[in-house]
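Participant: For reference, the chains in residue letters:
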Amino acid sequence: MDKFFLVVSTLCFFGGFVYAVNGLRAGRHHDSRANLLVMAFGFLFLSATLYLRGQMHHRCPITSLQEVLIFLSWSMVLLYFILGKSFRLSLLGVFIAPLVLVFQLFALAGFFLEGAPETTSEHTDKMDGWLELHASVSLVSFGSLALAGVAGLMFLVQDRQLKRRQLKALFYNLPPIRYLTIAVIRLIVIGVILLTVGIISAFLMENVPAPLHQGLSMLAWLAYIALLVLYATKRIGATKLSQGAMGLFLLPVLILLVL
Amino acid sequence: MNILCLGVNHESAPVEVRERMAFAHKHLAESLHEIQAIEAIDEVVVLSTCNRVEIYAVAEKLEHGFDRLKEYLDRHFEMQVGELVDFYKLHNESAARHLFSVAGGLDSMVLGETEIFGQVKQAYADSQKAGATARMLNKLFQQAFRAGKLIRSSTELTRGATSVGSVAVDLAEKIFGDLTSCRVMLIGAGDMSRRTAQSLHSRGAKSIIVSNRSYDHAVELAKQMDGKAVHFDNWSDSLDEVDIIVSSTAAPHHVIHAEMISSAMPRRGRQPLFVIDIAVPRDVDPAVGDIENVYLYDIDALEGIAAGTRNDRKKQVAFCEQVLDQFIEERGIEALVPSSGGRPPQTLESTRKPDMDSGSTEALPES
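In order, the protein sequences belong to chains Y and Z.
In this note's numbering, each number is its position in the first sequence, counted from 1, plus 77.
In this note's numbering, each number is its position in the second sequence, counted from 1, plus 210.
Treat the hints with care, as some may be off.
[To be verified] Pairs of lysine to aspartate or glutamate residues, derived as DMTMM-like cross-links and limited to a Cα-Cα distance of at most 25 Å, are as follows: (1) Y:Lys-245 <-> Z:Asp-447; (2) Y:Lys-317 <-> Z:Asp-500; (3) Y:Lys-240 <-> Z:Glu-249; (4) Y:Lys-240 <-> Z:Glu-513; (5) Y:Lys-240 <-> Z:Asp-450; (6) Y:Lys-240 <-> Z:Asp-535; (7) Z:Lys-236 <-> Z:Asp-284; (8) Y:Lys-311 <-> Z:Asp-500; (9) Z:Lys-271 <-> Z:Glu-249; (10) Z:Lys-271 <-> Z:Glu-303; (11) Y:Lys-311 <-> Z:Asp-447; (12) Y:Lys-240 <-> Z:Glu-383; (13) Y:Lys-245 <-> Z:Glu-451; (14) Z:Lys-331 <-> Z:Asp-535; (15) Y:Lys-245 <-> Z:Glu-513; (16) Y:Lys-311 <-> Z:Glu-323; (17) Z:Lys-359 <-> Z:Glu-531; (18) Y:Lys-311 <-> Z:Glu-502.
Hint data in this document are derived by calculation from the structure and do not stem from the laboratory.
Since this is a predicted model, take the numbers as computed values, not measurements.
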């Protein structure tokens, strides 16, 4: 059933993405409510997938790369619902959908090719509270940093349209660049705060993570802090901040790959 | 009963005629009562704007109703005998469709402008207040408001800006969002820059600095906009304080150089800077546009965007017509207005302009 829910959720995000892109390409009015509804359904099925897998493992469902990708998608969509409206970024969903789609397709491919990892008594016996905290908070922080990258991409798209004076349908649907800059900063700040909690909890785990994993986490933390400091001290502007937010997301991706 | 529409607009009559026929708002209630008192007329709404004067009325006999309305207008506006006014006369379905087009901005001089929607609402409210409407016009106008909203929300007819000033404001809003915290500097106090600044001011931009070769002129304009004037030699000192620069001097060379802006950007926290150059020859070095977080638009770019919008709106007309067709089909025109069983009046002499209400087969000419 969990795989079925994941497939339905993936289809929802695919449908939402196609609907929004078609609307934008046709230059028609973009009905963000319809898009939001599709995203909400996708999120519900994603939550159901995670719930079922959590029940199966009797712990936070992040026991494999596939589950990590699903959890990351879930945290991104959750943050979008919580923060998207307050940042006036209704179109953020259109930009998130493809990223979530890619993550979920990878997860699905893994499930179907390798078979989903089943729970064992070992998982429950060895459950470590600090590990649970470390993994879940770190993944939500990656979700926030991924959203910062997406908001950065939206900034760069809008900046390019303004610079080149190409005012297409997307221009009218994207938020003002000042709002996008604020969104990038806030999402990085949220991501860094959560990452800090994740890193501290890693030191308190029974089995401390591998040095490469820890090293990459520290590097990501330092890099994002440096980006914020450079912007706050006016050494870089919003364009470089956005480019940085996009480029630095490579580090969380690397961390996930070395898991 | 029949619904009648008798009127002139920017396509059928020159401004000399329209201005003579405009109903003064303070005497509108009186005029509505006079029209309603005509024995052939039951209900009436008068829509009188800069670009149109239209009377929507309900009458039992079509031809008789049009004749009485025409007589009233001749009398009210003291038309000379033999004076020709090219009225259009529409009834029932075509009158309803015309009103829906008007409410949706499809019949406006600036295609897709939204002010007309408020004017139609006001005209209806005035008539309602004067007790000049009843079941038929109430129903018709309620549907017209729905049709107008539908056109605005489901098409791109109202998207974008069609004048240099409004393009500048649109762009400013896409850069800064809310303009209330934006600071504007005018370099040169010409008519064009004044109008652009007024557009920005009307959207909330509060702090306005004016610099002009004639300091007195700068002071005068600054006073009009609750801003401050600075001497022309010192305008660059204010670069750190502003978000938007509107430049329109008569200088034969560049007034704003890339080095000036490059050096000012770190001092102003690398916040976005919107530079509007409406001078010919240009005041701003084009290299300014290459600086990070600086957005430079000259007069050609602004005009190009406005022309593009006008063109896009024209392309949207066919789609809007489809939306209207679907709107009418879904509701059924019979539910909105009486069926057009009667033949249109045959006694009309002059011909209407062929481009008026092209979709209507019931448009009636009038001398």
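Participant: Each hint needs a verdict: does it hold in this structure or not?
Facilitator: We went through each hint and held it up to the structure:
1. Y:Lys-245 <-> Z:Asp-447: Distance ~36 Å between Lys-245 of chain Y and Asp-447 of chain Z Cα, so the pair is violated.
2. Y:Lys-317 <-> Z:Asp-500: holds (14 Å)
3. Y:Lys-240 <-> Z:Glu-249: Violated, at about 64 Å.
4. Y:Lys-240 <-> Z:Glu-513: Satisfied, since the Cα-Cα distance of roughly 16 Å is no more than 25 Å.
5. Y:Lys-240 <-> Z:Asp-450: holds (21 Å)
6. Y:Lys-240 <-> Z:Asp-535: At roughly 40 Å apart (the allowed maximum being 25 Å), Asp-535 of chain Z and Lys-240 of chain Y break the hint.
7. Z:Lys-236 <-> Z:Asp-284: Status holds; Cα separation ~20 Å.
8. Y:Lys-311 <-> Z:Asp-500: Between Lys-311 of chain Y and Asp-500 of chain Z the Cα gap is close to 19 Å, so the pair holds against 25 Å.
9. Z:Lys-271 <-> Z:Glu-249: OK: Lys-271 of chain Z and Glu-249 of chain Z at ~11 Å, within 25 Å.
10. Z:Lys-271 <-> Z:Glu-303: Distance of about 16 Å is within 25 Å: holds.
11. Y:Lys-311 <-> Z:Asp-447: holds (20 Å)
12. Y:Lys-240 <-> Z:Glu-383: holds (15 Å)
13. Y:Lys-245 <-> Z:Glu-451: violated (31 Å)
14. Z:Lys-331 <-> Z:Asp-535: holds (22 Å)
15. Y:Lys-245 <-> Z:Glu-513: holds (16 Å)
16. Y:Lys-311 <-> Z:Glu-323: Answer violated: Lys-311 of chain Y to Glu-323 of chain Z is near 42 Å, above 25 Å.
17. Z:Lys-359 <-> Z:Glu-531: holds (14 Å)
18. Y:Lys-311 <-> Z:Glu-502: holds (13 Å)
The structure fails to meet hints 1, 3, 6, 13, 16 from the earlier list, while all remaining hints are met.
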